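Residue numbers (UniProt numbering), protein chains in the order written: chain A, 1 to 469; chain B, 1 to 469; chain C, 1 to 469; chain D, 1 to 469.
Please note that the accuracy of each hint is not assured.
Because identical chains cannot be distinguished in the list, a pair is counted as satisfied if it fits within a single copy or across any two copies.
Stated by the list, open to error - In silico DSBU-like pairs for lysine-lysine, Cα to Cα no more than 35 angstroms straight-line:
1) K96 x K7
2) K374 x K92
3) K420 x K66
4) K420 x K351
5) K374 x K464
6) K66 x K81
7) K81 x K17
8) K186 x K466
9) K354 x K26
10) K66 x K416
11) K469 x K424
12) K351 x K424
13) K416 x K81
14) K92 x K464
15) K30 x K466
16) K374 x K30
17) K420 x K17
18) K186 x K92
FYI, nobody ran anything at the bench for these hints, they're computed from the structure.
Only a predicted model underlies this, so the values are computations on that prediction, with no experimental measurement involved.
Number of protein chains: 4
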Amino acid sequence: MPAITGKEYIERIDTMKTEIWYKGEKITGKISEHPVYQGTIQSQSALYDMQLQPSTMEFMTYPSPKTGDRVGRSYQKPTTKTDLHHRSEMMKEWAKSSHGMLGRSPDYMNTVLMALAASASLLEGEENCFPKHLVQFYEQAQEQDLSFTHTFINPQVNRSPFYLEDSNEPIAARIIEETMEGIVIKGARLLATQGGMTDEILVLSPGGINDPSHAFAFSIPSDTKGLRFICRESFTFGSNSYNHPLSSRFEEMDTIVVFDNVTVPWERVFFYNNIQITNRFLRESAFRPFALHQVLNRQIVKLEFVAGVAEGIVQTIDIGGYAHVQEKMAEIIIALETLKSLLIKAETNAKIDKFGLMSPELAPLQVASSTFPKVYPKLIEIVQLLGASGMVTIPTEEDFSSEIRTDLDQYLQSAKHNAKDRIKLFRLAWDLTMSPFATRQTQYERYFFGNPSTIASDLYQNYKIKPTK
Amino acid sequence: MPAITGKEYIERIDTMKTEIWYKGEKITGKISEHPVYQGTIQSQSALYDMQLQPSTMEFMTYPSPKTGDRVGRSYQKPTTKTDLHHRSEMMKEWAKSSHGMLGRSPDYMNTVLMALAASASLLEGEENCFPKHLVQFYEQAQEQDLSFTHTFINPQVNRSPFYLEDSNEPIAARIIEETMEGIVIKGARLLATQGGMTDEILVLSPGGINDPSHAFAFSIPSDTKGLRFICRESFTFGSNSYNHPLSSRFEEMDTIVVFDNVTVPWERVFFYNNIQITNRFLRESAFRPFALHQVLNRQIVKLEFVAGVAEGIVQTIDIGGYAHVQEKMAEIIIALETLKSLLIKAETNAKIDKFGLMSPELAPLQVASSTFPKVYPKLIEIVQLLGASGMVTIPTEEDFSSEIRTDLDQYLQSAKHNAKDRIKLFRLAWDLTMSPFATRQTQYERYFFGNPSTIASDLYQNYKIKPTK
Amino acid sequence: MPAITGKEYIERIDTMKTEIWYKGEKITGKISEHPVYQGTIQSQSALYDMQLQPSTMEFMTYPSPKTGDRVGRSYQKPTTKTDLHHRSEMMKEWAKSSHGMLGRSPDYMNTVLMALAASASLLEGEENCFPKHLVQFYEQAQEQDLSFTHTFINPQVNRSPFYLEDSNEPIAARIIEETMEGIVIKGARLLATQGGMTDEILVLSPGGINDPSHAFAFSIPSDTKGLRFICRESFTFGSNSYNHPLSSRFEEMDTIVVFDNVTVPWERVFFYNNIQITNRFLRESAFRPFALHQVLNRQIVKLEFVAGVAEGIVQTIDIGGYAHVQEKMAEIIIALETLKSLLIKAETNAKIDKFGLMSPELAPLQVASSTFPKVYPKLIEIVQLLGASGMVTIPTEEDFSSEIRTDLDQYLQSAKHNAKDRIKLFRLAWDLTMSPFATRQTQYERYFFGNPSTIASDLYQNYKIKPTK
Amino acid sequence: MPAITGKEYIERIDTMKTEIWYKGEKITGKISEHPVYQGTIQSQSALYDMQLQPSTMEFMTYPSPKTGDRVGRSYQKPTTKTDLHHRSEMMKEWAKSSHGMLGRSPDYMNTVLMALAASASLLEGEENCFPKHLVQFYEQAQEQDLSFTHTFINPQVNRSPFYLEDSNEPIAARIIEETMEGIVIKGARLLATQGGMTDEILVLSPGGINDPSHAFAFSIPSDTKGLRFICRESFTFGSNSYNHPLSSRFEEMDTIVVFDNVTVPWERVFFYNNIQITNRFLRESAFRPFALHQVLNRQIVKLEFVAGVAEGIVQTIDIGGYAHVQEKMAEIIIALETLKSLLIKAETNAKIDKFGLMSPELAPLQVASSTFPKVYPKLIEIVQLLGASGMVTIPTEEDFSSEIRTDLDQYLQSAKHNAKDRIKLFRLAWDLTMSPFATRQTQYERYFFGNPSTIASDLYQNYKIKPTK
């Protein structure tokens, strides 16, 4: 059956010989058993299992238009509002499984690939463009339930507005040669989240380029020769889920991707050496509305989780009667209701686009993508403020298994909870807001769709206000 | 025909002998011709005229369930989502006519009265309650298209949390006697907006009381004996609509209402001398969702107007290319899309309530009522910041009619406008953001539904978040 | 005696034949009696009188280094910390007289002229520069106690970053000719505050220019031939100081200044036609520290006034026990203490500069000039929030003189005040925060030293932080 | 020599048999060698060494009034402005050594003890008060250079405003018996920072109590029988100072302190069983101005460090030309200059208090203590925003020692730095803003002097604003 199980996902990843470096050492053995990847691969595998559970299979998958087999719903090209609704339901269901913490759960890249493939007509008849490669690869990915990492970001020697790379050796990944087999890439890309734990890596130029050697779009297997993933330090402390309930399970690694003379075979090249297309494709394709739609669904689930943790603290230490607490909780509710409303507007006003997709309205999704990066850090701060000094008084499960448990039971009990449950909740709140996992989540959400100024500019330019005269 | 025209409205107001004081003088002669009321009465009259224009009559009115005559749509008890939609359409249409500046356009009080009458069953069988009076009066108001002012706010010698009035003479209006004719009221109420320019005044206790003499709800004609309206200083500068385009047309007066031994006839008493009902009625009735729904429709129209003025400035002085300008415009768009989305959610999730009304969802409306008071002052500030020093360089129409026009034409021209049109726009922006009319609008929107802390508390307490454990 | 009295000031202004236009009419008769100028000229005249009162003369004036006569202290070149301290004392004393509302009280321009003249050495030996004219004119101004308006701002057809004026006819004032008598100026300048009610107008190019015809600095009498002042609409409502206690007394007019072929005599030209000097002079001169020092002294007095009004409201309606009120009052105190501390640091760290002046430290003054524009609008808002609905319930003195006074006395009394005193305080608060006078004050303070982004950039570039490596 | 060296400090700590629990295990062996304490004890030891370095001894110590021996400057009772200045210098010097990260460097508690002892006259003649014990103990501490932890915070079953502990067994530490030897304490206290690594623990009731068994003040050695310290999880990742430059050196542990029937000998009891004194002593003593003065000195050093890291990032990736970067840097400068100015004001206006101490002015110190908790989290966020995605791309020193160093050198180089130095700076920035050490620092600074609402209330109530009438 094409939609895979968790076990199939893990076996496929473990079988590949992907080159991954962690703290100066090349990872050998099964990736799924390496401490740095183990917890998150388990969590991802649980997502795949949900596809085939009888109770959820109906909306987690759909019959492949090609084979009739059940394939992942996030690969579907929606053409009706019902399709769009199923898509939302499916994505929310996956997001709930990680409380929205997996920013790169497979539905994100599946959606991206679907949207790009649906927009292949933009490449039709353009120089150095291979729309058929894109469409065929999308179909293959769908039938085999491939998983992806990707990366948009170039390393930069500086970020000055006037910077042009002038190194002889490539720094940002670029085409250094064309051969019979394909194009050859040398250089690096940054911040491939889940790098090393996916079947494939999809590489796209983000637009705004002026050097044809930076113009390309392709996908290759993670274990392609010359491809190398370098991990940052892991933000997993350990595998104890009482002590670190989130970071032990949802720490998506971020990697630097090195292309050491990597050959991309022609059938995997979607376009190359065409500056114009590179600069237009993402913006004109169905990418934006569908990617933003996936993200908003996930972020709503995440905020619901934050709200639940906040309310948990409020009830545990019985502070719901204070005006300042009510104001903080109201702020969370306002954020949540606002995002939900924006999603409803986007879906209510969805329309068939030029590619035949039932496309959600862009403006409310852009507003959400402008709002969330501001609101998320504030809500995280609210949880810290509600927890106050309790966020620091956090012994571990080991303490509760020792002879000082009697002390803890007496001195850390709460009105509603015994000490161990109370500390469990506060450890969760800490892992959500104050751990390195937490601060990386905040940083990640802040920049998900680029810097705030660009998002604001896009929003303003797309939204036509009629001026008063 | 029951739904009245502007002319009928004006004639009715002018015929009444309402006692109104302005700057130490009792107003004599026709109210509609007094400089303080004249512009706003004209604007209100234009609203009534819209009811009977063939092109809009269909949704501005509906057939009275009692008589079949066309009566005002805002009096309708909606029982379907279509009804709710018509209601929104009608209210937006009226709001557009004043750019949302008339906070007390008749649909507000019509809606309130409809919601209260629909909730009359709450009064059934309760002591000193007359649900029939309420229902009958609602029907009368609908058939005669009565207009209303109202007031919730008591004067207070202080606002300390521990304050109890202990004056021998009433300060806050209260019942001092019951007679054969009705109840007798003495004391004052504050902030009756449009006081003096409506047929009736509806008086309700806001709840939270503990003295039965403060417990009542009734409506009486504005010219009832002993009733007196005292105006604040007018914020209209004059009638020149080039110089003061908004304040010359939409300055709703606020009045102190003095009850000098006013007898309210029994048939106009809805309840009295029942603390429990007084403290429960508003909260349990259909008041909140429907009042908030009216307000949100108006506020959306108002923000659209603010957005248009902002964009007008941006285009006129050609500043749309600056990052900080784009960010400010994006902030306006975000506010606008957010409010629109909240309205869509409230209507999408509308349900039949216990009174048989198709009631919009409360939570998104509460969120809107919490958001708008914060966002409106910020958007007003944005317009000031966009206009910058241009907000101060504002000569008058008289200058353009004098020999210095040549100077103005040369020195105040803009890229897109001649000097006179440019100044017209900046004067509008000034009147919207910096005139006394403008600052009163801001203050008014800030407190429309009470202080922010109470709104936040209500929102939190109504919204059930499931706590994480 | 050189330091003049109020009477001398008024007589001098009234004697001049300055051309001023208000609402399409040329002002004839004595300026000091025109409703638009009358109140503010009285207030300014009171400042001059303070110079010669025996009790304050000692620090309000100092002996002229040239003549030994007592001349205004703000003209003094400070060379010791004691001088600097006297200067602060004198400026605070004047500021108190207008509660800091006169942004252009004479000490501001006196200080500017002193700082420019002290920096005349920068002009020494430079092309088209006349340092002696500047020094002589400073001495003349000091001995005659001249008063000034000035203007930095050019009219702009647009404010686009790419704008270059290409009109054939000048828009921004520029040199169109050099003659035997002097340079001839044509075009306009904006926002000359107090325009028309001063002896002189000082005109300086603000820097950042690239056209030599825009490069100049000079001063001429207000009634110079061809010079014309065009008023904006006045923000004075009337002369009743109960109803409008601030705007009736401190409404400084802003004017457009038209140069209709105005000849500036050579002895009044400080420099011209020298782009380099124009772009360097202000920045390298003693202008910044001394102008910022004057402004900060005034702004501290203004905040003290705002604090007093806020505390007045708090006590009158007895709300000091609420946590949110305490937080608002604390915000005011924080602003006030912060500004006072910045002033102390600037004076404590004052040093002799390259011109021999005892110059206050620049950084804390820049910080103050960056802080005040943000904090002032917030404090104004706090006063509005403390006053709440009381800011709208504001009858007039006329009401208190009529038969409805009994109603007002009963219904508007407060815990600490009778009704008339309570309303007096709230009318003051309204005039400070919600009148057109108030909103213009806010706009004025926001832009006093340019836009926030430029101020931030200057601050950053002057302040050398040692980077961590 | 009384002022000790680092070696003496370590030996004393290691010799004690203090009972400390970490992750369910009792620490055995030398505390200074335990991974959880090792780095911070080294850093603290370096502080002591500075006391005796010839170059700094003069102001780091002063001659004991009793013995003439050099003792720590922070124990000195300042009676002149010069004393106060030396005190500031000394505290800044120590703070620089840890970049202000050691919130409980010994000068904090030394200062507290000095201030309390200086205020001993408040205890004179009061019931159950032993002012002599306090004075003698202060002298002993000074002569022996004792180090301290302390704790104000009670465990609470809940934080509801209406909570009263009703457990039979004590939860919050309280007196359960008086014996010949002293008072016997049972129960717990929270958040003793540096618990276990100091000679003594000082225990004070924070005031606001109403049960005499909670009324006490005393100091006992850390290894007193029945005293137990329970650590939270450590935020030190490891001892590599390239990878974790701050957390490996400045991680002050926070501990729960358990009093398991601890006898406090009478000579160490300062007062007990006197509610009135307990609720008045801290507030009326010299505690506030001197504690706030120490804290502000440290916080200024800390902000200087944050500023340096921010500027380091700006220069390394060459982003100083962007307007938004300049605004962010300006925000840092504003915070820094503001705090420095508040300190100058407090010292400039210092006065002899009722205890004969030269006491810094309270208001600006309170303003600082209200400002810092708001500003510090914002500056930390600014560093995160400046670093952007660079805050996540952080390989380790181990990577630079492996064969992939070539990749890193090429792809992570910056305009100004080689890859290893660049990553070193970004790792520092991460450790300062995103590590668990960093988030604990932020939480700690937020609550240093209690919750913001209480601080605001205190500030308002101490600061007398003259109301306008």
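Against the structure, the hints come out as follows:
In this assembly of identical chains, K96 and K7 lie within 35 angstroms of each other by CA distance solely inside one copy; the values are 20 angstroms within and 55 angstroms between copies. Within a single copy, K374 and K92 get their C-alpha atoms as close as 22 angstroms, and across copies as close as 31 angstroms, so both meet the 35 angstroms cut-off. For the homomeric pair K420 and K66, neither the shortest alpha-carbon distance inside one copy (53 angstroms) nor that between copies (51 angstroms) is at most 35 angstroms. For a Cα distance limit of 35 angstroms, the shortest separation of K420 from K351 qualifies neither inside one copy, at 51 angstroms, nor across copies, at 43 angstroms.
With identical chains, the CA atoms of K374 and K464 are at most 35 angstroms apart both within one copy (24 angstroms) and between copies (24 angstroms). Only within a single protomer do K66 and K81 lie at most 35 angstroms apart by alpha-carbon distance; the minimum there is 22 angstroms, versus 41 angstroms between protomers. Taking the shortest Cα distances, K81 and K17 never come within 35 angstroms of each other, neither inside one copy (42 angstroms) nor across copies (59 angstroms). Taking the shortest Cα distances, K186 and K466 never come within 35 angstroms of each other, neither inside one copy (48 angstroms) nor across copies (37 angstroms).
For the homomeric pair K354 and K26, neither the shortest alpha-carbon distance inside one copy (47 angstroms) nor that between copies (63 angstroms) is at most 35 angstroms. Taking CA atoms no more than 35 angstroms apart as the test, K66 paired with K416 passes in neither setting, with 55 angstroms inside one copy and 55 angstroms between copies. For the identical chains of this complex, K469 and K424 are inter-copy neighbours only, at 8 angstroms across copies versus 60 angstroms inside a copy, given an alpha-carbon limit of 35 angstroms. In this assembly of identical chains, the alpha carbons of K351 and K424 never lie at most 35 angstroms apart, being 46 angstroms within a copy and 39 angstroms across copies at closest.
Proximity of K416 and K81 under a CA criterion of 35 angstroms is satisfied in neither setting, with 44 angstroms inside one chain copy and 43 angstroms between copies. Proximity of K92 to K464 under the C-alpha cut-off of 35 angstroms is found in both arrangements, the shortest distances being 31 angstroms within a copy and 20 angstroms between copies. Taking the shortest alpha-carbon separations for K30 and K466, neither the intra-copy value of 59 angstroms nor the inter-copy value of 39 angstroms comes in at or below 35 angstroms. Neither within a single protomer nor between protomers do K374 and K30 lie at most 35 angstroms apart by alpha-carbon distance, with minima of 39 angstroms and 47 angstroms respectively.
Only between protomers do K420 and K17 lie at most 35 angstroms apart by alpha-carbon distance; the minimum there is 29 angstroms, versus 43 angstroms within a single protomer. Within a single copy, K186 and K92 get their C-alpha atoms no closer than 38 angstroms, and across copies no closer than 51 angstroms, so neither meets the 35 angstroms cut-off.
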